[in-house]
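4 protein chains.
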Amino acid sequence: MFILLTNDDGIHAPGLVALAEEMAALGRVVVVAPDRERSATGHSLTLHSPLRAEQIRADWFAIDGTPTDCVNLGIHGLFRERPALVVSGINRGANMGDDITYSGTVAAAMEATLMGVPAIAVSLALVQEHPQDYRPAARITARLARRVLQSGMPTDTFFNVNVPSAEDDQIHGVRLTRQGKRIYGDLVIENTDPRGRKYYWIGAGDLDFHDVEGTDFHAVHRGFVSLTPLHLDLTNYRSFDELSRWDIFSSPGSGRD
Amino acid sequence: MFILLTNDDGIHAPGLVALAEEMAALGRVVVVAPDRERSATGHSLTLHSPLRAEQIRADWFAIDGTPTDCVNLGIHGLFRERPALVVSGINRGANMGDDITYSGTVAAAMEATLMGVPAIAVSLALVQEHPQDYRPAARITARLARRVLQSGMPTDTFFNVNVPSAEDDQIHGVRLTRQGKRIYGDLVIENTDPRGRKYYWIGAGDLDFHDVEGTDFHAVHRGFVSLTPLHLDLTNYRSFDELSRWDIFSSPGSGRD
Amino acid sequence: MFILLTNDDGIHAPGLVALAEEMAALGRVVVVAPDRERSATGHSLTLHSPLRAEQIRADWFAIDGTPTDCVNLGIHGLFRERPALVVSGINRGANMGDDITYSGTVAAAMEATLMGVPAIAVSLALVQEHPQDYRPAARITARLARRVLQSGMPTDTFFNVNVPSAEDDQIHGVRLTRQGKRIYGDLVIENTDPRGRKYYWIGAGDLDFHDVEGTDFHAVHRGFVSLTPLHLDLTNYRSFDELSRWDIFSSPGSGRD
Amino acid sequence: MFILLTNDDGIHAPGLVALAEEMAALGRVVVVAPDRERSATGHSLTLHSPLRAEQIRADWFAIDGTPTDCVNLGIHGLFRERPALVVSGINRGANMGDDITYSGTVAAAMEATLMGVPAIAVSLALVQEHPQDYRPAARITARLARRVLQSGMPTDTFFNVNVPSAEDDQIHGVRLTRQGKRIYGDLVIENTDPRGRKYYWIGAGDLDFHDVEGTDFHAVHRGFVSLTPLHLDLTNYRSFDELSRWDIFSSPGSGRD
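Chains as they are written, first to last, in my numbering: chain Z, 535 to 791; chain D, 535 to 791; chain C, 535 to 791; chain S, 535 to 791.
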């Protein structure tokens, strides 16, 4: 039995190191993580070129690929046995609301789920004033992981966990949440490089969110850990009633189950 | 008013060219697409380096980024006006079931949805015996696009459309479907490069799918176009009952809406 | 018999197209060139990942690699026969003086020389007022190429040719030159990206050159084509006298030939 | 006063670490090196995108660029003062003969020379039976560096040093050498990826060399350190007599100085 860890901040990131230390209490921990930062890579898989795995110390492997690649290799390529659990993180910064679709941290847990391995993605919601101490989040993750190893996961589900940046005793508990919604601002900066060529840089616009009870944003901003159960079915079943009345379909909408 | 087209097979791909030709009947068409193939990039955004836009002819812009980058620039950076609709494709090969989480084509439509612009992702389900004629799929897309421009989209929803590779009169109609489920095989090939260093190549394992009525797979394999309405809420609401009984939560699971 | 063309501005660059048209008079022309711009790549070889060759039309192959890779594949991998001559260019902008050590255009000719194939690197020295007409330079290159095919090259030598941007009748002739010397200015720009992270951009400092008779710079700035015969021996033989007097050597400096 | 170190094997490579330890006896040592392996990159400069410098500990900076970029930043961008000397290495494997034109290690020393800073490139010629102990080579480099700091370099010259892999007392001394000549074998391997697409991999053909007295190859293979003084003038002056008789020149070849 082993637990596979990965992240998208790169194999040397302190969030991963803290996680590995804490998870060691649960069993053998193997790290397969990107050799450098790979955030915002989404569920991106390297198909057209090969990957390298460099063992940097016992049970730590650096990959020149995405978090998704790391999980794929960690389940299929590198070891004889499959991991009992995949934990991805602890990400530097929250992954809540629609942002999760961009997140390499979350994508790694997605990949494990597609391969039939239970998975947890964990992120630390940074607040600038706080120093970045990943240990409280690591301890919470270890508790959740222990529970998942005991009970298993609900079918086709993985956990997206966001932890407020605070001391243990200032975290008010864990809430079962749903994915919230972002409000994205305008984002692109236009500029000219030293050779006079124009470029565009996708920027950090004003990001806001709908502060609705029951969501990940709402919980974390009130000092709770949010645990959002995710699945990979993006079908918007609620739209079926409306759409089935459109005159474009050859037969009554039967997609509903 | 303009319609923004993109894809993940690159700006010179025949599926995009066929789409642009057909869409021109609906209004001004602007293409902002990757300068080369970018498939399996997921919802990947280039944050840490700038992007270039090279105008290769009137209203065609090649970007050294992902499909997601292209839509972001096409909505925020390149033009004064926002597009009325984003269409991504026509992808070389189907994007059905869980595969859509990897798809750059689908991610482009996701990005538009996050920016509040209606979006359609379109893919051609290839069958090897058929030559790749993208025109029937392009005609179907133009019809759908016209309908969306008239009626708008259901809230927070975008369409994932898969078209069987066949002549117009052999396509039996459009079905409203849900996202099906893949069965993934083992995938990683291990080998040694010409300098004796080991590498891993994520492979094309035996791919299969659950052939369940109502899904995209089921429709397309019976000669129908599948239209799956997707949203960006990955929350698995069905798991709430089960999870709310876990003893890890500080308060009764209140994520449910 | 075939002539291999490559460049570092990418396979769609007008300088390459003009060259191919003019060279067709000499025999079969095969183009193996980078799929996108690869300037300032030096003599850079892709060893740790594989390369793709996409045939974009008869005898034109786009490679996802450097100019050096293209020549390597064009001599060893893609064809049964070896080329009789490699011509690299026509580069957008001059490659004179020490700049040639950075140049992908020149590196391609280097690679051919190492593989025992005669080679010419050609660049167009742009002057901003002139439109970029590559045809005069292409005609001059074809004449030189014809001469090389007849006479062969001096041993271990290749030609670095720079053509002033002018009409045929304003080019005063070809001069046999030596490599001049650049004066490099300060070059690095420091800035902050949209996320507040610092970056450095290697810039276009004030570039100047020593305007010495007999050099490439001198000839081109007076309206002549410069032809500099280069080799791959970087040994500074002139320093041997001085160095042999240093007390660090175990025996009298015998490197001299 | 500080000494700038870089390499092309990446900032964590043991050859660089050994070098830094030994050089510390000469003065303040600052390391600016690629964040990962960048061998065979030639004299390649990153012009079209920005670079990041991550300080990984006091006076150690990891750059997401080539060795040439590192030297450029180390001289112009990162520090107020210019280095008194640049040392590049210790490379894992020899850089002798024509191979130096590909070498990132040698290119770093080239870049320093162009910027007017004395430079030494150092490589360890590996023999498979020997363990890779970089300390003897580091000690020799420190001695040479001390000498260069005292006497300066011959004008426009830098040193390319290759050290046999042996214990101190088995290294017979330092020889002043010239650059030897390689014999390159056929090199490209053709294969098919897991998706059936053809690829080419530039391989490690049979490499041989001309074992001529006075060359770097000859010295190193007899247990001597080779010191080859290099410059950036690639002009083949010996070819001028022959070429000046060609009928292509508009005036008597006057390139000779």
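Possibly wrong hints are sitting among the right ones.
Note that the list lumps identical chains together, so a pair holds whenever it fits in one copy or between two copies.
[Claimed, not checked] Taking lysine to aspartate or glutamate and the DMTMM-like style, the derived pairs with C-alpha atoms no more than 20 Å apart in a straight line are:
1. Lys715 x Asp742
2. Lys732 x Glu571
3. Lys715 x Asp767
4. Lys715 x Glu701
5. Lys715 x Asp745
6. Lys732 x Asp593
7. Lys732 x Asp775
8. Lys715 x Glu555
9. Lys715 x Glu571
10. Lys715 x Glu747
11. Lys732 x Asp690
12. Lys732 x Asp667
13. Lys715 x Asp690
14. Lys715 x Glu776
15. Lys715 x Glu615
16. Lys732 x Glu588
17. Lys715 x Asp781
18. Lys732 x Asp781
19. Lys715 x Glu588
20. Lys732 x Glu776
Hints are computed from structural coordinates only; laboratory data are not their basis.
Hints versus structure:
1. Lys715 x Asp742: within (9 Å within a copy, 34 Å between copies)
2. Lys732 x Glu571: For lysine 732 and glutamate 571, only the inter-copy Cα distance (16 Å) is at most 20 Å; the intra-copy one is 26 Å.
3. Lys715 x Asp767: Classified as both: same-chain Cα gap 18 Å, cross-chain 9 Å, threshold 20 Å.
4. Lys715 x Glu701: neither (27 Å within a copy, 41 Å between copies)
5. Lys715 x Asp745: For lysine 715 and aspartate 745, only the intra-copy Cα distance (8 Å) is at most 20 Å; the inter-copy one is 33 Å.
6. Lys732 x Asp593: This pair counts as between: shortest inter-copy Cα distance 17 Å, intra-copy 45 Å.
7. Lys732 x Asp775: The answer is neither: 47 Å in one copy and 48 Å across copies each exceed 20 Å.
8. Lys715 x Glu555: neither (33 Å within a copy, 36 Å between copies)
9. Lys715 x Glu571: neither (26 Å within a copy, 31 Å between copies)
10. Lys715 x Glu747: Answer is within: at 12 Å inside a copy they meet the 20 Å cutoff, but 32 Å across does not.
11. Lys732 x Asp690: neither (45 Å within a copy, 33 Å between copies)
12. Lys732 x Asp667: neither (40 Å within a copy, 24 Å between copies)
13. Lys715 x Asp690: between (23 Å within a copy, 10 Å between copies)
14. Lys715 x Glu776: neither (22 Å within a copy, 24 Å between copies)
15. Lys715 x Glu615: So lysine 715 and glutamate 615 fail the 20 Å test inside a copy (38 Å) and across (25 Å) alike.
16. Lys732 x Glu588: between (38 Å within a copy, 10 Å between copies)
17. Lys715 x Asp781: Neither. Shortest intra-copy (31 Å) and inter-copy (27 Å) distances fail the 20 Å Cα cut-off.
18. Lys732 x Asp781: neither (46 Å within a copy, 46 Å between copies)
19. Lys715 x Glu588: neither (39 Å within a copy, 34 Å between copies)
20. Lys732 x Glu776: neither (45 Å within a copy, 47 Å between copies)
Against the hints set out earlier in the document, violations occur for numbers 4, 7, 8, 9, 11, 12, 14, 15, 17, 18, 19, 20.
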